[in-house]
Amino acid sequence: MDYQRLREDIKCWGQELGFRQVGISSIRLADDERRLQAWLAAGYHGEMHYMARHGHKRSRPAELVPGACRVISASMDYLPAAGIQGATQVLRDPRRGYVARYALGRDYHKVLRRRLARLLERIVERTGRGQYRMARAANRDNTHDWKASPAFLANFGHSDADSLGGRVFVDSAPVLEKALARNAGLGWIGKHTNLIAREAGSCFLLGEIVTNAPLPPDRPSQGHCGACRACMMACPTDAIVAPYRLDARRCIAYLTIEYRGAIPLELRPKIGNRIFGCDDCQLACPWNRFARAARERDFLPRNGLDAPSLVDLFRWSEAEFMERAQGSALRRVGYACWLRNLAVAMGNAPPSKRIAAALEERMGHPSPLVTEHVAWALARQRRIGS
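Counting in the working numbering, the sequence shown runs from 27 upward without gaps.
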């Protein structure tokens, strides 16, 4: 088989499917594995215990997919048309809630997984084999990833065309996606630990196909951050404790999405109006002057979440939250933590009778997590207004 030709075809097909970049890398991640283990040993992962749960699988793709020798990485832009300027305007209005720009539309897991599955189907069709289609049918109900069938995996290590195939990952299994994308030439990992592309900044999402096809790999990207520390200076909670080192326990994205407990008191005022995630380190990055607006309609803002009123969101019932967050990344946080995040933002807003009234209405909420944050916000409103 002409793998060089297949490699070029894969890149063309990826662009046809809406990906901005597609690259190929080997599965070797020894240096990144050492850095990950040091990061975990320092406790920077907080309560994201799943980061340590899978041992070395995160940095050894062949332990996830036996026989794998290459990873196809792909990126897709998500920034809305209002761009960096639009995001900054929302952050400057304390009565509006800020939702990370990647979460404004349809859940990216669903979008990228579907496109990568199509890309993998094309690869299998080009080789004239149907193993992947069988695997897809066997896992149609799997909402996390597209797994190969046991029969497929049994033959996965063979080099003949009959066994060519792969498995799709979109932030749904232990994969070091940024390191793999860097090795595939899609960009370099910046000091804020996000991937940066010279021609498109960092406002894009990643997905992978782990495969046994021995495709010619691309050249890894080299870093271009230089002496710049803009992202480190911009972080509201000083979560970037050193270049290329993030303490998730202080990161607003972690606190408002992954963390399920009470947000530390000393960090609440620094969260400002950020109710789901944070983009400050990316907004400050000079490379994002090249950031591109999303071409994918599924990433267009829904339900006015690009500049929503804090009070309006806070008054959503649980049923309204579930309905309006349907098919969105917002569902990940859950209703109680959604109210927790909003209460913190409302406590940071200028004094307002409307905000205070909305907070008082929630003092009877059955969740102690919610009422504790509501009480804190009310105290802030009264103290600021006195």
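Just so you know, these hints were derived from the structure itself, not from any lab. These numbers come from a predicted model, not from an experiment. There may be inaccurate statements among the hints.
To be verified - List time: in silico DSS-like cross-link candidates among lysine-lysine, alpha-carbon distance up to 27 Å:
hint, residue 1, residue 2
1, 296, 37
2, 379, 204
3, 296, 379
4, 136, 204
5, 83, 136
What the hints assert, rightly or not - Computed spacing ranges between beta-carbons, pair by pair:
hint, residue 1, residue 2, range
6, 38, 352, 33 to 43 Å
7, 348, 31, 45 to 55 Å
8, 252, 389, 32 to 42 Å
9, 287, 89, 25 to 35 Å
10, 66, 287, 55 to 65 Å
11, 111, 376, 33 to 43 Å
12, 382, 83, 48 to 58 Å
Built from N, CA and C at the ideal position, the CB exists for glycine as well.
What are the numbers of the hints the structure violates, in ascending order? Going through the list in order, the structure violates hints 1, 2, 8, 10, 11 and respects the others.
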